[in-house]
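Undergrad: Below, each chain spelled out in residue letters.
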Amino acid sequence: QKEVEQNSGPLSVPEGAIASLNCTYSDRGSQSFFWYRQYSGKSPELIMSIYSNGDKEDGRFTAQLNKASQYVSLLIRDSQPSDSATYLCALYTGGFKTIFGAGTRLFVKA
Amino acid sequence: DVKVTQSSRYLVKRTGEKVFLECVQDMDHENMFWYRQDPGLGLRLIYFSYDVKMKEKGDIPEGYSVSREKKERFSLILESASTNQTSMYLCASTGSSSSYNEQFFGPGTRLTVL
Chain P
1 QKEVEQNSGP
11 LSVPEGAIAS
21 LNCTYSDRGS
31 QSFFWYRQYS
41 GKSPELIMSI
51 YSNGDKEDGR
61 FTAQLNKASQ
71 YVSLLIRDSQ
81 PSDSATYLCA
91 LYTGGFKTIF
101 GAGTRLFVKA
Chain A
111 DVKVTQSSRY
121 LVKRTGEKVF
131 LECVQDMDHE
141 NMFWYRQDPG
151 LGLRLIYFSY
161 DVKMKEKGDI
171 PEGYSVSREK
181 KERFSLILES
191 ASTNQTSMYL
201 CASTGSSSSY
211 NEQFFGPGTR
221 LTVL
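From first to last, the protein sequence lines stand for chains P and A. For the first sequence, our numbering gives the first residue as 1, with consecutive numbering after it. For the second sequence, our numbering gives the first residue as 111, with consecutive numbering after it.
In short, the hints are calculated from the structure, not lab data. The reader is advised that the hints may include incorrect statements.
Capping the alpha-carbon separation at 30 Å, the derived lysine-lysine pairs in DSSO-like fashion look like this [said to hold, decoys possible]: (1) 56(P) <-> 113(A); (2) 180(A) <-> 42(P); (3) 97(P) <-> 165(A); (4) 42(P) <-> 181(A); (5) 42(P) <-> 97(P).
Using the sequences and the hints, build the whole thing.
TA: Okay, structure coming up:
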């Protein structure tokens, strides 16, 4: 089992819809959780960080963490074509180590 | 804002050449990382450094070395470039005082070895 699992997609949603991206992980000792957005040919950009169970909202983005079920999700409300990118789930496990998922490709149709 | 810069966006080298990739951060971060990213394989950690002159191997250190002579600068060295080292190379940094230990990435260097 991979340490961080994401559906590779592509996930296709119409403009204005809610995009839901999911991630499961295996290390129960994971301390912090991140979502990065990566446009084609560019580097990952941090968009959300969360370390407590529950929801964290920032603009159109909401990160949800459930440590008991070992999943973290990202909701993007009012999706825009500019949100089309690959979204990487990542988690900090301690000892300087951050584990990255392979990413989910999101396509928002205008 | 954290700023991480990398010396080149695109680089083309020949097999056997020695290659230097340089990364500089301006946020006084203690920890710096080098990754490579390949389609289908995701991000893989090559080396990291938690202090000046300190370095630790990541998951795929073979064929690479690193240097950290100053806090803000972390260099990746390919001693003798090979075609299987063609990849996107990403540098990242994080501060020890960070609550989350989130990493911030540079723009990346796309290296092609012919």
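Undergrad: Each hint: holds or not?
TA: Taking the hints in turn, this is what the structure says about them:
| no. | hint | in the structure |
| --- | --- | --- |
| 1 | 56(P) <-> 113(A) | holds, 25 Å |
| 2 | 180(A) <-> 42(P) | holds, 27 Å |
| 3 | 97(P) <-> 165(A) | holds, 13 Å |
| 4 | 42(P) <-> 181(A) | holds, 25 Å |
| 5 | 42(P) <-> 97(P) | holds, 22 Å |
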